[in-house]
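> Each chain, letter by letter, is given below.
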Amino acid sequence: MIFSRVHWNKLMFRGISINFMLVLILLTTFVITIFPLNTAYAAPAPPRYTYSFYMEAADPDVLFQMGCNQGTVDRATGVNQDELVILDFGQPALDVGTYGTYIFSPTNDFTSVSEIEQGVEAFASGFYGCTLENHSHVTIIVGTNNLKGNFGQVNFAHGDEWLQLSTRVWSWLSNTGYLAQVDVDAGSDMELGYATPAATRSWVTGFTSSAVGTTRLFNYGDAAGCPTTTIGNCTTTLFSGGTVTWTPDDIWFISWGANSAWPFPEIYAANSSQAKQWHYLSLNSARNHPSRGRMNFIAVLTQNGACSRPGANCSGPPRLDNSPGTGWSQLYDEVNNDPATAIVSTYQAFKYSSDIRYQYQ
Amino acid sequence: MRRLRTRGVPQLLLITTLAMMLVVSIVGFASVIASSDGTQLPADKQAILDRKATLQADAVKRAPTKDLDLTKVAQRVPTRLPTHPPLTGISDIQPPPELKQEFLYYNRWQEKVNGEWIIVYAGVQRADESTTTKQGVVYVAKGEGKASNFTRQKYFTPTKAGGVRIIAVKDLQVTLIADEGITFVFDLASQTFK
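So the protein lines, in turn, are chains A and B. For the first sequence, the numbering used here begins at 1 and goes up steadily by one. For the second sequence, the numbering used here begins at 1 and goes up steadily by one.
Hint data in this document are derived by calculation from the structure and do not stem from the laboratory. Glycine included, every Cβ here is placed at the ideal spot set by N, Cα and C. Worth double-checking, as some hints may not be accurate.
Stated by the list, open to error - Partner residues aside, some chain B positions facing chain A, computed with beta carbon under 8 Å:
(1) 16
(2) 56
(3) 62
(4) 64
(5) 86
(6) 101
(7) 167
Unchecked claim - In the DSS-like style, the derived pairs of lysine-lysine whose C-alpha atoms are separated by at most 25 Å in a straight line are:
(8) B:170 to B:142
(9) B:154 to B:194
(10) B:100 to B:45
(11) A:351 to B:52
(12) B:160 to B:146
(13) A:351 to B:45
Work out the full structure: start from the sequences and follow the hints.
Right, here's the structure in full:
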C-alpha cells in the first residue's frame, strides 16, 4: 500500500520529511551495522600487569619472599587486586623414577614435583601473610613446557603428574584457608618448535584424563609458523632437528578444545604477527568447533622483563620485546575487530596481563 | 504521464537503495546477535569455574586470622627436600630462553672443573637458519651458583658447515660434528677452534 502510486504521491506531496526521516533512519542503521566495531570495540586501557617468572630455584625460603613481595605490592595499591602469576619451572623431566622438571638455573638442575609443590605453597603463604588487611587475590599458574628432545618427558604420565601436583597444592590451599586469597592452576609453555603435536597432545591428554575438576591448564606458548592472514597449518623448526607441522586443530586442542585448556598467548612481537596468528586460531575454533566457539582469552603474556636480562637478544626482526600494555592491546584489537572472534563481554575477557622475567633478575 | 515517468526512475532507485540498505542492516544485526554467542563458555569449562567459586566462597569463611604486623608474618619452614645434582656430560636439556631468538640449540655438555661449572651449548646461528650455508656456533658459560655469577662467550665455527652438535669431550677438547659432516674441535682451555 505504501508503494502504490497514489499513496506515494500523497506522501511526497504531504511531507518530504517523512521520506527524509525514513531515509535517515535507514542510513543510520546501515552505517552502524557496517561500522559497528570502530565504536563498540574501542580498546580500553590495558590492565595492571604482574611479573611471571622463569624459575631458577624452588627454594621455599626464596619463594616465600617472592609471594610476600607480591602481596606487599598489592597492599600498597590500597585496593584489592586480582591477578595471575606464572611460576615456570621448565622442562618436564624424570630422574630415577621421580617426576619433576629441569629448572632455569644455569645447570638446569632437576627439581622434583615435591620440591615444586613445597615452593608454590611457600609462595602462597608469603602472599597471604604479607597482604595483611588487604584482600587481594592471586592465581598461581604452576608452569612447565613441552620441550622434548631426548630428555623431556612430554608424555601422558608427566601430564597426569602435573595435574596431581596442582591438585595437591589446591587441597593444601583449601585446608589452610589460604584459598580465600590464593588460587592455583597449571600451565605449560607449549611451543610449536619444542615437540611434535602428538607428544604435546599426549601430555595434555594426561593432564585432562582425571576428572578432578578444579584446575585449569593455561597454554602460554607460541604459534610459531602459523599464518597471519588466514586459517592454516603452522610449520616451524623442531627443537630436535628438521621441521614440524601443526594443524590449527592441534593448537586448538591444547589451548581450548581439551576440557580444562585455556589460551594465555605469548604476544611478544612488535609487528603484531603473534596477535594475528591467535586471532586466526580463535576463528578456526569458532568456525570449525561450534560447540566450543571462539577462544576466550583472559590473559596475555609478554617477555619485556626477560629481554632486559644481560645477554638476552630480542632485537629481531621482528622485535620480541613488547611492553605488557602493547602486547595486550595488540591481541585485544585483533580479536575484537572481528565479530566472529570478539569476546568483549565473555567471562573475564582480557582481564589479566603478565610479563615474564627471570626469578633472579 | 510524462511527469510520472521522469519521476519514476529516481523513485525506483530510491526504493531499491532503501531496500538494499534494509537487507544489509538486517543481515548485519543478525551477525552481531550471532556473535554474542561467545558470551557462553563451554559447559565443562564453566563447571570448573563454578566448582572453584563454590570452594573459594567456603574458604573465605574459614580463612585463618592474619597477624596484621608484617614483622610477625610467620614464614612456613617446610622440611627441606634433598636436591638433585645437575646432569653432567652431553645432553639436550633446555637452553637458556634468552638465547632462543639468535641461536637454534642442538645440544650441550656440562661438567664442574676446578670448582666451577663449564657449560658448552652448540647449535646454529638463527640468522643463517634458512640459508644454504649455515653458521655453526658454540656458547661457553662458566661460573657457579646463580646465572648472574656466570660469564658467557660466543664462538663461530671457522667455516660455515651448518649447525654443530657435540659428540665427545675429552681433556677439555670438545669435538663437534657439523650438519655437513665436517668435524671441529674446540679447545676449552684456550677458548679457540683448533
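> Each hint needs a verdict: does it hold in this structure or not?
Here's how the hints hold up against the structure:
The criterion of a C-beta within 8 Å of any C-beta in chain A is not met by residue 16 (chain B), whose closest approach is roughly 12 Å, and the hint is violated. Interface hint at residue 56 (chain B): satisfied, since its Cβ lies 6 Å from the closest Cβ of chain A, which is below the 8 Å cut-off. Because the closest C-beta pair between residue 62 (chain B) and chain A is about 4 Å apart, less than 8 Å, the hint holds. The interface hint given for residue 64 (chain B) holds, since its Cβ lies 5 Å from the closest Cβ of chain A, which is under the 8 Å cut-off.
With a cut of 8 Å, the hint placing residue 86 (chain B) at the interface with chain A holds, because the nearest CB-to-CB distance is about 4 Å. Against a cut-off of 8 Å between C-beta atoms, the interface hint on residue 101 (chain B) holds, since the closest Cβ of chain A lies about 6 Å away. Look at residue 167 (chain B): its Cβ only gets to about 14 Å from chain A, farther than 8 Å, so that hint breaks. Distance hint between residue 170 (chain B) and residue 142 (chain B) is fulfilled; the C-alpha atoms sit about 17 Å from each other, no more than 25 Å.
Annotation: proposed proximity of residue 154 (chain B) to residue 194 (chain B) holds, straight-line Cα distance about 16 Å (limit 25 Å). Among the hinted pairs, residue 100 (chain B) with residue 45 (chain B) is inconsistent with the structure: their alpha-carbon atoms are about 33 Å apart, more than 25 Å. With a CA separation close to 18 Å, the supplied pair residue 351 (chain A) and residue 52 (chain B) stays within the 25 Å bound. For a cut-off of 25 Å, the pair hint linking residue 160 (chain B) to residue 146 (chain B) is broken: about 33 Å separates their Cα positions.
For the suggested pair residue 351 (chain A) and residue 45 (chain B), the alpha carbons sit about 17 Å apart, so the restraint of at most 25 Å is met.
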